[in-house]
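Chains as they are written, first to last, in the working numbering: chain A, 1 to 138; chain H, 1 to 482.
Please keep in mind that the hints were generated in silico from the structure rather than gathered at the bench.
Ideal Cβ positions, reconstructed from N, Cα and C, are used throughout, including at glycine.
It is possible that part of the hints are untrue.
Covered by chain A, per the in silico footprint, the following chain H stretches (three or more residues, Cβ under 8 Å) [claimed, not checked]:
id, stretch
1, 131 to 145
2, 152 to 158
3, 216 to 229
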Amino acid sequence: MRASSTSRGTSARTTAAVVIFVACCLLSTIRLIRDAPNPFHLKVDDISQRSDQRFAALQKTLPNPGVLGYIGESGNSALPDYYLAQYALAPRVIDHSPNHPLVIGNFPSSRPALPAGNLKLIQDFGNGVLLFANQDSN
Amino acid sequence: MALGLAVVLCLASGYLISAIGTPHNSLKVSNLLLRISLSPGYGLGLFSLIFFGARVICLSNVLLPDFFIFALLLAGYILIRPRTPVCEPQPSEKSSRPVWLSRLVTAAFVIALCAALYASILRTLIHPHGEGWDAFSIWNLHARFLFRGGSAWRDGFSPLIPWSHPDYPLLIPAAIAHFWTTLGRESQVVPALIGLVFTFSTVGVLFSSLAILRGRFAAMLGTLTLSATPFFIETGTSQYADVPLSFFYLAAISLLCLNDHERRQTSSSNPKGPLALAGLAAGLAAWTKNEGALFLCALLAGWILTSVGRSRSQSSTAEDISPPRTRGNSFLFLLAGMVPVILVVVWFKHSIAPSGDLFLDKWMALHKLMDPNRYRIILEWYGKDFLRFGNWSLIPGTIAVAVLYFLSGKNEKIECKRGFRIAVITLALTLAGYFAIYVITPYDLYWHLRFSLNRLFLQLWPSVIFLFFLKVFHSREEICTL
Numbered sequence: 001m002r003a004s005s006t007s008r009g010t011s012a013r014t015t016a017a018v019v020i021f022v023a024c025c026l027l028s029t030i031r032l033i034r035d036a037p038n039p040f041h042l043k044v045d046d047i048s049q050r051s052d053q054r055f056a057a058l059q060k061t062l063p064n065p066g067v068l069g070y071i072g073e074s075g076n077s078a079l080p081d082y083y084l085a086q087y088a089l090a091p092r093v094i095d096h097s098p099n100h101p102l103v104i105g106n107f108p109s110s111r112p113a114l115p116a117g118n119l120k121l122i123q124d125f126g127n128g129v130l131l132f133a134n135q136d137s138n
Numbered sequence: 001m002a003l004g005l006a007v008v009l010c011l012a013s014g015y016l017i018s019a020i021g022t023p024h025n026s027l028k029v030s031n032l033l034l035r036i037s038l039s040p041g042y043g044l045g046l047f048s049l050i051f052f053g054a055r056v057i058c059l060s061n062v063l064l065p066d067f068f069i070f071a072l073l074l075a076g077y078i079l080i081r082p083r084t085p086v087c088e089p090q091p092s093e094k095s096s097r098p099v100w101l102s103r104l105v106t107a108a109f110v111i112a113l114c115a116a117l118y119a120s121i122l123r124t125l126i127h128p129h130g131e132g133w134d135a136f137s138i139w140n141l142h143a144r145f146l147f148r149g150g151s152a153w154r155d156g157f158s159p160l161i162p163w164s165h166p167d168y169p170l171l172i173p174a175a176i177a178h179f180w181t182t183l184g185r186e187s188q189v190v191p192a193l194i195g196l197v198f199t200f201s202t203v204g205v206l207f208s209s210l211a212i213l214r215g216r217f218a219a220m221l222g223t224l225t226l227s228a229t230p231f232f233i234e235t236g237t238s239q240y241a242d243v244p245l246s247f248f249y250l251a252a253i254s255l256l257c258l259n260d261h262e263r264r265q266t267s268s269s270n271p272k273g274p275l276a277l278a279g280l281a282a283g284l285a286a287w288t289k290n291e292g293a294l295f296l297c298a299l300l301a302g303w304i305l306t307s308v309g310r311s312r313s314q315s316s317t318a319e320d321i322s323p324p325r326t327r328g329n330s331f332l333f334l335l336a337g338m339v340p341v342i343l344v345v346v347w348f349k350h351s352i353a354p355s356g357d358l359f360l361d362k363w364m365a366l367h368k369l370m371d372p373n374r375y376r377i378i379l380e381w382y383g384k385d386f387l388r389f390g391n392w393s394l395i396p397g398t399i400a401v402a403v404l405y406f407l408s409g410k411n412e413k414i415e416c417k418r419g420f421r422i423a424v425i426t427l428a429l430t431l432a433g434y435f436a437i438y439v440i441t442p443y444d445l446y447w448h449l450r451f452s453l454n455r456l457f458l459q460l461w462p463s464v465i466f467l468f469f470l471k472v473f474h475s476r477e478e479i480c481t482l
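Same shape as in the complex, but just chain A (with noise of 0.2 Å):
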């Protein structure tokens, strides 16, 4: 008799335990759905496909392996920038630096900088796109 109540308050106790788990589940669950992007207004984030066509002239006209310098803005958004450079441009290596014979300056959302005396513009692609030439990187 005594085994039996022990049974049914260790069963009762487990049947509570798993009520309370799946209760903490749900919540997590709700707050899955909640964060969820509303189907009706979906707002598609193609940050890189913008970048890729950002860079689709340029790409065109940049002989296929190879290393090229760059430059950009600076701020918060240089790093990213960067990156998104590199992402469209492959296969090509992108190094963040102006000492290679072909520099990239990417400027997305300011007027380019005066390069350095050593660059050349090469040519302007358009949406702060540009190629330039090191004449001091042979």
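Take the given structure of chain A and dock chain H to it, following the hints.
Quick look at chain H alone, frame taken from chain A:
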């Protein structure tokens, strides 16, 4: 058309690998589900290896080796499959637990799974290029180098772009590039689908392996825990490699435990298929991310430690009746699964990838090892992230799991099977290895912890859930008393 063919070949090859390695004398739905859930991971792993091999030997047509490997696997499967599948008796799951509790858990399981699917699809739709930086700055960038590079594909592993982690292995990039090559152009759908597939394959492996070992009730609770971890869904759909890595960790660990189960089921022979598959999963983990190599070493160390411990104690329990020679054979099967992939990883690291950024300054690393303050900081972060890494709502999943453990009254001492012990040691050693990497990291410690610790915990989370429910429901009969 070509893409559809490649998808079919990938999944079919993955299925054949799983079917060769898992018990094939059973018609049980859970076994079938396990094979189906394992197939995308093994298929993608195989496809990445084929593509990498084709790139190395400058082979442009990848469909040819795809067909060849598929034909080999098919022949292997036909040779070893039994003529008449045996219909195993289904273990009864009648229990004294209230019917309403079973219905509650089933309903919660279905809701959580549907919610995970809903959130995953919507997140994939609005972030087709992946969310965060890892997708385009590492994995998809490497895929572009492999696809666009032609004979110059090795340029993608240049030390001039260290931020792209050129030392990272290539399972994800090479699998993506394989499908792009078959398609003849780049499509963002490919990496997005691979992210989704790995996320839900992990859920499938967790459900099916728990269902085989502990019954449907435990399987639903385990899957509910994983599906209700928002960070798992977010990371999986962000095209990060942490969820694919967690898939291979879980596959290796669940197959080790299934091997114990199969040894009990089949009295006449000692099945080795699950061990070879576990080894292959560990190898593919090392081909997915550098952390996978640590896991692989931890698995080997776990195996050796349990073997040494068992030899010393000389305690022969029901599960330990195998003679030393058979145990040695088991180890060989585990190695046989992992060695082919290890060779590829070693060759990649030695011949193509530059040195990793973590071990560049060995003296500085030694100096950091002597700094007790770093240990304190890492321990604090381990404690904090233990409670928050899953982005749970209100109550951390880790706390919920602990509450379930203590309230369920299953804390009596139980004799654990060997596979379980190896799995626990493997995860503990992997966690300790992560700790050691933080101690010697050349980066700012707070920055490194802030941006990676939650993902490292996530890599282990599906395996921890699996082992937890294996422990709490320590036999199929145990479920009946719940």
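Let me make sure I understand: some of the numbered hints might not hold for this structure. Which ones are they, in numerical order? Going through the list in order, the structure violates no hint and respects every one.
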